[in-house]
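Chemist: Heads up: the protein sequence lines correspond to chains U and E, in order.
The first sequence: position 106 = 179 (the numbering used here), numbered continuously.
The second sequence: position 296 = 369 (the numbering used here), numbered continuously.
FYI, nobody ran anything at the bench for these hints, they're computed from the structure.
It should be emphasised that the depicted structure is a prediction, and the values quoted were computed from it without experimental measurement.
Every residue, glycine too, gets a C-beta built ideally from N, C-alpha and C.
Some hints here could point you the wrong way.
[Claimed, not checked] Using 25 Å as the maximum straight-line C-alpha spacing, the simulated DSS-like pairs for lysine-lysine come out as follows:
#1 E:Lys202 <-> U:Lys107
#2 U:Lys244 <-> U:Lys202
#3 U:Lys88 <-> E:Lys202
#4 E:Lys94 <-> E:Lys114
#5 U:Lys75 <-> U:Lys88
#6 E:Lys114 <-> E:Lys154
#7 E:Lys228 <-> U:Lys228
#8 U:Lys244 <-> U:Lys263
#9 E:Lys228 <-> E:Lys244
#10 E:Lys107 <-> U:Lys202
#11 U:Lys202 <-> E:Lys88
#12 E:Lys202 <-> E:Lys244
#13 U:Lys114 <-> U:Lys96
#14 E:Lys75 <-> E:Lys96
#15 U:Lys154 <-> U:Lys88
[Claimed, not checked] Examples of chain U residues toward chain E, derived with CB under 7 Å:
#16 Leu159
#17 Leu168
#18 Tyr173
#19 Gln192
#20 Leu230
#21 Tyr233
#22 Leu333
#23 Ala340
#24 Leu374
[To be verified] Take a look, some chain U residues computed to stay more than 10 Å from chain E by CB distance:
#25 His76
#26 Cys98
#27 Val99
#28 Asp132
#29 Ile158
#30 Gln193
#31 Lys202
#32 Thr204
#33 Glu250
#34 Lys263
#35 Val278
Protein chains: 2
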Amino acid sequence: MKHIVVTIPAEERHKRYLEEKGKDCVFRYIPAGKVTEEDLKDAQIILGNVPASLLSHTDRLEWLQLNSAGADQYCRPGILKPGTILTNATGAYGLAVSEYMVAVSFNLQNKLYQYYASQQNHRWEDHGKVTSVFGSVTLVVGLGDIGSEYAKRMKALGSYTIGLRRTAGEKPDYLDELYTTERLEDLLPKADFVALSLPSTPETVHIMDERRMRMMKPGAFLINAGRGNAIDTDGLCRVLQDGHLGGCAVDVTDPEPLPLDHPLWDAPRMLITPHISGQYHLPETFERIVRIFGENLEAYLSGNREKMRNQVNFQTGYRRK
Amino acid sequence: MKHIVVTIPAEERHKRYLEEKGKDCVFRYIPAGKVTEEDLKDAQIILGNVPASLLSHTDRLEWLQLNSAGADQYCRPGILKPGTILTNATGAYGLAVSEYMVAVSFNLQNKLYQYYASQQNHRWEDHGKVTSVFGSVTLVVGLGDIGSEYAKRMKALGSYTIGLRRTAGEKPDYLDELYTTERLEDLLPKADFVALSLPSTPETVHIMDERRMRMMKPGAFLINAGRGNAIDTDGLCRVLQDGHLGGCAVDVTDPEPLPLDHPLWDAPRMLITPHISGQYHLPETFERIVRIFGENLEAYLSGNREKMRNQVNFQTGYRRK
Chain U
74 MKHIVVTIPA
84 EERHKRYLEE
94 KGKDCVFRYI
104 PAGKVTEEDL
114 KDAQIILGNV
124 PASLLSHTDR
134 LEWLQLNSAG
144 ADQYCRPGIL
154 KPGTILTNAT
164 GAYGLAVSEY
174 MVAVSFNLQN
184 KLYQYYASQQ
194 NHRWEDHGKV
204 TSVFGSVTLV
214 VGLGDIGSEY
224 AKRMKALGSY
234 TIGLRRTAGE
244 KPDYLDELYT
254 TERLEDLLPK
264 ADFVALSLPS
274 TPETVHIMDE
284 RRMRMMKPGA
294 FLINAGRGNA
304 IDTDGLCRVL
314 QDGHLGGCAV
324 DVTDPEPLPL
334 DHPLWDAPRM
344 LITPHISGQY
354 HLPETFERIV
364 RIFGENLEAY
374 LSGNREKMRN
384 QVNFQTGYRR
394 K
Chain E
74 MKHIVVTIPA
84 EERHKRYLEE
94 KGKDCVFRYI
104 PAGKVTEEDL
114 KDAQIILGNV
124 PASLLSHTDR
134 LEWLQLNSAG
144 ADQYCRPGIL
154 KPGTILTNAT
164 GAYGLAVSEY
174 MVAVSFNLQN
184 KLYQYYASQQ
194 NHRWEDHGKV
204 TSVFGSVTLV
214 VGLGDIGSEY
224 AKRMKALGSY
234 TIGLRRTAGE
244 KPDYLDELYT
254 TERLEDLLPK
264 ADFVALSLPS
274 TPETVHIMDE
284 RRMRMMKPGA
294 FLINAGRGNA
304 IDTDGLCRVL
314 QDGHLGGCAV
324 DVTDPEPLPL
334 DHPLWDAPRM
344 LITPHISGQY
354 HLPETFERIV
364 RIFGENLEAY
374 LSGNREKMRN
384 QVNFQTGYRR
394 K
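Looking at chain U on its own, in the form it has when it is part of the complex (with noise of 0.2 Å):
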């Protein structure tokens, strides 16, 4: 019998499906924004990405399963103790942030922001030539579930798809070329479309600096789905300023949120959404962080935790392979 406490805004459907999957368990929902150190005292399953100042005191925690893609805040030292699990929730983002990085892309491209920006003076002006996916070069960046989801995408629709992850691998179908990151200075100047989607680690921060936004093509888009310090924000807004890039969207942001006085907001060809690709906007990003857990309390409960999926490494930051 586990004492389990989930924090994420679970129906009543998806708490059968919970209790069904720990039929011995003791749930206890609290929402994440509320839950309290006395609430996780006996916790030794948590659902949810509760604050991690909190942790430090859940003297019978197994198993943190967050809800999250990013680990990073998890990982550090002295927040978890030695032999607890850390899961993730890979998985559970790609179809909602891939599908955010296709719109941001098709809207740099098609100056859509531009357009809807005359449109709001009412006028009929037109903003000029466009480049097309199609026969483009697209370079991601990062290749996990949402990585992968976005280059498959873009292959779909003719885009010329090259990947860069951090060890080598055997190439999938929906990528022309694939590469470890070492290659990223080679690749930039062939891209179209170069697309981020890193977790937080000391080799991703400022990964794209100014240099590296300056060997870019000319007319090229930058695109950030991950973690807002992959891109140095102050590099990116000269560059963007100088119009060396075709634009750049970011659902990320460095710091985070973007202050009101921030000159990002204003950049030229700059899209800022606030952090809103994953969540739950899309509700099937909850139906699968839900399913994931749940097959992840089935492998635990029954000793089998070999199976349970998206275990994170406490030193990379990315889960196990």
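Let chain U serve as the given structure and place chain E on it in line with the hints.
Modeler: Chain E alone, transformed into the frame defined by chain U:
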């Protein structure tokens, strides 16, 4: 030896290509906006959408190759002499316009225009739930080059595609279902995306009237990239005000251009672009038009008129099969 007037903005390499295809012909290059009745008097072949009013005195005209897919204004009685061949540019616009349609499908679905409005006010604010193209149902009304290319893309992105065309025929792989346009009202309630790419004919004027827009699924999206009069604009304004639709995007309006004080500009969840999805905004479109004309010219000059592509049927305004 034929006298050919080319009114599209051909560059030197296009001229070389065309003059190679029409070796013994006399070519004159005059921009469509500057061409006069006098310029066309001796023309036997014209490439480009010259003003229809100038065509009544072209006594020697044998063939008019349009640079547009729409041919309606040239099909009217009295414009072209009987026996004149009329060819359109079907095939040139499929790529550019279908990518525009994908772009607005995602923009509406992901509420990117709402986020852009927030960005303009430096507001980090959440606009709530979204839907996904994956798992959606797309109803494509009109399966010319543009509608077909859009259906292919939506299918590749995981949408269930239903096509409607004037005449039945074999179902292509990129459609899950295919019917004739009579089935429109049965299918409107099932679709998440309803996309129109129809020429202007008596049958297509106001094909989406207010009653039919209200038959659409609540929250569904309507897209028009054909002719503005396929939608009853006043009805659309009412339906958008009521909040029945998730949104609407049009690249064509009725009236067109949209007057400065027209209520459609400010209708909620509305995206208006000023008939820019086609034209030559995508450079590849122009290349394709030149190739269509070049290949048609070769067929024409060799007496092989059956081989000429995109011959328009004056009765229907569609190209002959």
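Chemist: Determine for every hint whether it applies to the structure shown.
Modeler: Tested hints:
1. E:Lys202 <-> U:Lys107: holds, 23 Å
2. U:Lys244 <-> U:Lys202: violated, 34 Å
3. U:Lys88 <-> E:Lys202: holds, 22 Å
4. E:Lys94 <-> E:Lys114: At roughly 23 Å apart (the allowed maximum being 25 Å), Lys114 of chain E and Lys94 of chain E satisfy the hint.
5. U:Lys75 <-> U:Lys88: The given pair, whose Cα atoms are some 16 Å apart, holds under the 25 Å limit.
6. E:Lys114 <-> E:Lys154: holds, 14 Å
7. E:Lys228 <-> U:Lys228: holds, 13 Å
8. U:Lys244 <-> U:Lys263: holds, 19 Å
9. E:Lys228 <-> E:Lys244: holds, 14 Å
10. E:Lys107 <-> U:Lys202: holds, 23 Å
11. U:Lys202 <-> E:Lys88: holds, 22 Å
12. E:Lys202 <-> E:Lys244: Between Lys202 of chain E and Lys244 of chain E the Cα gap is close to 34 Å, so the pair fails against 25 Å, i.e. violated.
13. U:Lys114 <-> U:Lys96: Judged against 25 Å, a Cα distance of about 22 Å means the pair holds.
14. E:Lys75 <-> E:Lys96: holds, 10 Å
15. U:Lys154 <-> U:Lys88: At roughly 28 Å apart (the allowed maximum being 25 Å), Lys88 of chain U and Lys154 of chain U break the hint.
16. Leu159: violated, 27 Å
17. Leu168: Cβ of Leu168 of chain U sits 6 Å from chain E, so the hint holds.
18. Tyr173: Result: holds, 6 Å to nearest chain E Cβ.
19. Gln192: OK, holds: Gln192 of chain U within 7 Å of chain E, min 5 Å.
20. Leu230: holds, 6 Å
21. Tyr233: violated, 15 Å
22. Leu333: Holds, because the Cβ-Cβ distance from Leu333 of chain U to chain E comes to roughly 5 Å (cut-off 7 Å).
23. Ala340: It is violated, given that the least Cβ distance between Ala340 of chain U and chain E is near 10 Å, above 7 Å.
24. Leu374: Hint violated; Leu374 of chain U Cβ to chain E Cβ min 31 Å, cut 7 Å.
25. His76: Fine: 32 Å to the nearest Cβ keeps His76 of chain U off the interface.
26. Cys98: Label holds. Min Cβ-Cβ 31 Å, cutoff 10 Å.
27. Val99: Label holds. Min Cβ-Cβ 32 Å, cutoff 10 Å.
28. Asp132: Given that every Cβ of chain E is farther than 10 Å from that of Asp132 of chain U, nearest at about 36 Å, it holds.
29. Ile158: About 31 Å separates Ile158 of chain U from the closest Cβ of chain E, which puts it past 10 Å; holds.
30. Gln193: violated, 8 Å
31. Lys202: violated, 6 Å
32. Thr204: Given that some Cβ of chain E is not farther than 10 Å from that of Thr204 of chain U, nearest at about 7 Å, it is violated.
33. Glu250: Answer for Glu250 of chain U: holds, closest chain E Cβ roughly 20 Å.
34. Lys263: Given a closest Cβ separation of 19 Å, the condition holds.
35. Val278: Answer for Val278 of chain U: holds, closest chain E Cβ roughly 22 Å.
Violation of the numbered hints given earlier is confined to hints 2, 12, 15, 16, 21, 23, 24, 30, 31 and 32; the remaining hints are satisfied by the structure.
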